[in-house]
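A.B. asks: Since the structure of chain G is already known, use the hints to place chains C, U and Z on it.
Number of protein chains: 4
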Amino acid sequence: MSTKKKVGILGASGYTGAELLRFLIRHPRMEIALLTADRRAGQAMEDVYPQFAPYELPRLVAIDSVDWTNAAFDLIFCALPHATTQKVLKDVLAKAPSTKIVDLSADFRLTDPASYAKWYGHEHQALELQQEAVYGLVEIYRRDIKKARLVANPGCYTTTAELPLIPLLKARAIEPDEIVIDAKSGMTGAGRAAKEEMLFSEVSEGVHAYGVGRHRHMAELDQEFSKAAGKDVVVSFTPHLMPMNRGIYATIYVRGRRGKTAEDMHAILAEQYGNEPFVHILPFGKVPQSRHVRGSNMTFIGVIADRQPGRAIVISTLDNLAKGASSQAVQNANLMLGFAETLGIDQVAMFP
Amino acid sequence: MSTKKKVGILGASGYTGAELLRFLIRHPRMEIALLTADRRAGQAMEDVYPQFAPYELPRLVAIDSVDWTNAAFDLIFCALPHATTQKVLKDVLAKAPSTKIVDLSADFRLTDPASYAKWYGHEHQALELQQEAVYGLVEIYRRDIKKARLVANPGCYTTTAELPLIPLLKARAIEPDEIVIDAKSGMTGAGRAAKEEMLFSEVSEGVHAYGVGRHRHMAELDQEFSKAAGKDVVVSFTPHLMPMNRGIYATIYVRGRRGKTAEDMHAILAEQYGNEPFVHILPFGKVPQSRHVRGSNMTFIGVIADRQPGRAIVISTLDNLAKGASSQAVQNANLMLGFAETLGIDQVAMFP
Amino acid sequence: MSTKKKVGILGASGYTGAELLRFLIRHPRMEIALLTADRRAGQAMEDVYPQFAPYELPRLVAIDSVDWTNAAFDLIFCALPHATTQKVLKDVLAKAPSTKIVDLSADFRLTDPASYAKWYGHEHQALELQQEAVYGLVEIYRRDIKKARLVANPGCYTTTAELPLIPLLKARAIEPDEIVIDAKSGMTGAGRAAKEEMLFSEVSEGVHAYGVGRHRHMAELDQEFSKAAGKDVVVSFTPHLMPMNRGIYATIYVRGRRGKTAEDMHAILAEQYGNEPFVHILPFGKVPQSRHVRGSNMTFIGVIADRQPGRAIVISTLDNLAKGASSQAVQNANLMLGFAETLGIDQVAMFP
Amino acid sequence: MSTKKKVGILGASGYTGAELLRFLIRHPRMEIALLTADRRAGQAMEDVYPQFAPYELPRLVAIDSVDWTNAAFDLIFCALPHATTQKVLKDVLAKAPSTKIVDLSADFRLTDPASYAKWYGHEHQALELQQEAVYGLVEIYRRDIKKARLVANPGCYTTTAELPLIPLLKARAIEPDEIVIDAKSGMTGAGRAAKEEMLFSEVSEGVHAYGVGRHRHMAELDQEFSKAAGKDVVVSFTPHLMPMNRGIYATIYVRGRRGKTAEDMHAILAEQYGNEPFVHILPFGKVPQSRHVRGSNMTFIGVIADRQPGRAIVISTLDNLAKGASSQAVQNANLMLGFAETLGIDQVAMFP
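Residue numbers (my numbering), protein chains in the order written: chain G, 617 to 968; chain C, 617 to 968; chain U, 617 to 968; chain Z, 617 to 968.
With the rest of the complex left out, here is chain G (with noise of 0.2 Å):
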């Protein structure tokens, strides 16, 4: 008797799929039972990443092609573009109500609607699940995660930058008018289309920024920083793409409120996560590297003194395929379906 649940990803061809597949596989209580991909649909996996070759995995198929009123899955895991899944998952629950769903999208992860409407240019399509849906930054809001149905697994970048911030603007730490995060990114979290802009030549050997002063991400973190100082927080946020595959750095600019030094901030954080399994507080004045989570679920955090009295530096990174996208997904899978949060997911850091 198979004690495994049943799940399926859907947009399996992208790279945040294919870290999926890297985790589940060897996942003890998940069973691979579906992978989509539209475009490639008929291929076997190995055909778009041939290092699955040697695991015996489902053949992709086209979502269309699912019978999902029959298919009882117990989880699925949504990979695909923006605006397509609100689409897709609408259907889906339709004909499956009784299915969890992890969205890696960005689809669902504004709760208001205006919200939505402003920063993607037209009216959110599946209005009721955007209500249902639940913020899937597990370590603020595990308890809603459980109980879920839908959670929609955060951006890498807004996951980075949350982790330390939030806690900090709901002690009223920090001057929440005054922060300025700047953000560097490792070129899988572009994805893999085909662009001219993400050759080889064209990201190695320097460094840019991009989205200036118009990031989608931020709608995210305004929503999520607003809820934790209990009013409107609009953040300074720059994006920048490095000549590396994974991780996330961002170095954040704040200045402490109300007498609040670097060494108060760094208590609060290590207060708050001193018992989470994939949240590394930093020794005060220590500096984390990138390199140090890379392929892992763990985020390292780091407080240091500013030379201005008052000014803090904190650094927070990640993995954005792992922690900033797939092995989230998992670490909520695994709280949806009442497993325990690290199975499957507490990989070792590769380095170097």
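Not one of these hints is a red herring.
Remember, identical chains collapse to one label, so a pair may be satisfied in a single copy or spanning two.
DSS-like, lysine-lysine: derived pairs with alpha carbons at most 30 Å apart:
#	residue 1	residue 2
1	LYS703	LYS811
2	LYS902	LYS734
3	LYS762	LYS847
4	LYS620	LYS762
5	LYS902	LYS811
6	LYS763	LYS711
For the record, the hints were derived by calculation from the structure and aren't laboratory data.
C.D. replies: Positioned in the frame of chain G, the structure of chains C, U and Z alone reads:
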């Protein structure tokens, strides 16, 4: 009652030491009871490799401080430099003769004392152990390894080249006198020593051969190929350093013998490795990529026909720190301790 | 009165087009009068390559909009794709027969129409020009190039391999039937087309061979080597893609003929290239690195004895975009226009 | 009769020394008459940097062996380490007082002896020279540089940040108390010293901040910004190391003052640098990339409006070895010797 075996790592501060830890921390049947690093003695492992901060590990100690007689280790992984190794292991086995050892250095790979003296410039200091040692190329010497006390884990270049070539030579399918091995390695193969020629700016954005005509891994190749061919074999072997961290990629040029074609060679390898968990033979004509085995214990091998009749190109690739060193060491240890061979080293490759 | 010659670049939006501009902007005797790029027609060059923003350059135009009859260009660099090239140049030379042309495509490199048809799968569309074209490997065909109207600039792999091998074959110093060329290339060699397999995350941190047994540069090698050897030569040639932008690195395995040693080979090359400004023969036994020619028109060649008597390893390296394409094109143009050969292309290599 | 000036490089074996040579070998008015490198004395330059093999250059000598009194150098580039520099130059100028000097170290950048002592931990050993030295940020201090005997070439981080910020502070267009500078540097900025933390495998595939809250370039920034603002300015400045060779990329967060908008800031910079050959202001809202200035003496600056009213993001980028060190040094030397400012340093950037 613990069912775990007590293991230690000598030389834990090098890259192969760190990579051993990556696997052992999650190994279900091994308990890490000792970590040595003479120059870092007294420090925590996280001071040397910050990625280990989240885990409880013994502090680093000096080798001389270990009480071998009373410690009762079940197995020791030795990741010390060449020459030091033979002295240390001679001492360890004198004091604790029932300890099993997997040695990752070159010290016990050569069977012939004369060959050792020629390539290393001095007499071997532990000749009896040299004779006792079993060459730890698991897929070829599995039976002997299970019974061994001392296993010499093969070199990274040699594992890459021997896995495809030993079966072809044994089958008399290729000309032993016309083998050209052009090997490309990631930088971790050169270790963690602070040398000018290994600085980022010296090795990025370029490629170069090194040790041309005189790399020590040649002695190991000669030994194994001559054994397989039943006659003296001397190959052309040229190693190159690539601007990447991990991966060995051996492009091997061979000529078929007695009418043997590239297809025949492919069939021999497919037959030999059909049931091996860690060697994957690609479909005939397909070309492997080093990145698809990154971080895993897998070896990928492809066979392609050259346009010159009777000639073939055999390409073999693995992760130099994993199957080329540390996870093969654990694979050996699993066999020596009577565990399932795949225990703790069945991680899926990490790409991208 | 201007003493500058009026030149144009067809296909200025590719990497070789941009690299031509890098040299031509500072060329003391050439005036850039035309830049074409059909898909970017109407745009400024800085929209395609921002590094050119500080310089005054003609806007990009479509090829069809050029009035060849009246424009009176002295010389055209053609950096268009294969097959398109022969149609365009046939038309240009029909309308403006006195225009000199350096073509960077493969269209005019093969002399034999049958060889062309075999490797490219269709009949050549400009057979007369094919017969007229001179192969632009400057150090070998300098005399013919000076008098040529149409020069076929050699491929990057072929320049790298031919510079060392043509003199050795001519001198009958090596066995023509046992040549193995293992070539490694930077990613710019693959051009600027937006393809999934050229994305940063697909090619960084790894290496792989491609076109094994069937790369089209083989036809060019066969032609030149057969001519040099005075008999049909078919080599083993395997190209690889490296995680770096620039550089070709050819590791060539040869066997001496009629008692010729590696030292003899070195002497032949040193003699041949002793006075060449752009070919540097390293001292015997020294190994070149691709990074030491980066950005320059230099080729570095080393000859090392193999440990197998009678065998040698010849290593040749150049910058695929410079000597492997654009600066060699300028070198050809200098000869065709009667300028000093080194004019505008004597930049020192950029390392680190 | 030679019209060339006789120049020397002290400390030719470091990266800035090699980069100086790259420019000086082709400089039409300078003759390289001296190369020193104490630890490599007696060697040829090509033994230290093989790319220089094709050129005739003086052999490396020890500084102590130079006969300053009789050598009659017109100008010396000093690329020695901090602290050593002040002793050496004091001696040189005592013996040959008419020698002009461009110093690339930090020794003469700070005007205030107290500031120097605070940041460097000891009293300055050449106080008179410290007072005499002119700060060599050409676009700001051109007039003084022309008359100077001793010029202190600015640091790479500081040049990057000062070029955009000095004019904005002088114009009172930004709040001096709310400047955040997040800077990213290529690895050549850390020099050629063999340190573990600079090995390829330690810095590739990841990013990290360093010197957080205490980098010495802060002293230089404070000095120049306070001078420009007419009041004490203390900025937040965090440097990061990127997995790339060359390039500094400073993302600067500022708040407009007295109603000044991002557009106003852009106008101020466009006005200031409109006629400068080596500073290019991008169209408003455009984001520069470090790779587009690689190898050149150019600085690219962009100004983008933040979504928070009144705030702007100013991005400045240059090549740390070129405009951030060696080609700016030649720019200074050109002015000091009465040459055209652009002589020998007008190479076009190399991308890709």
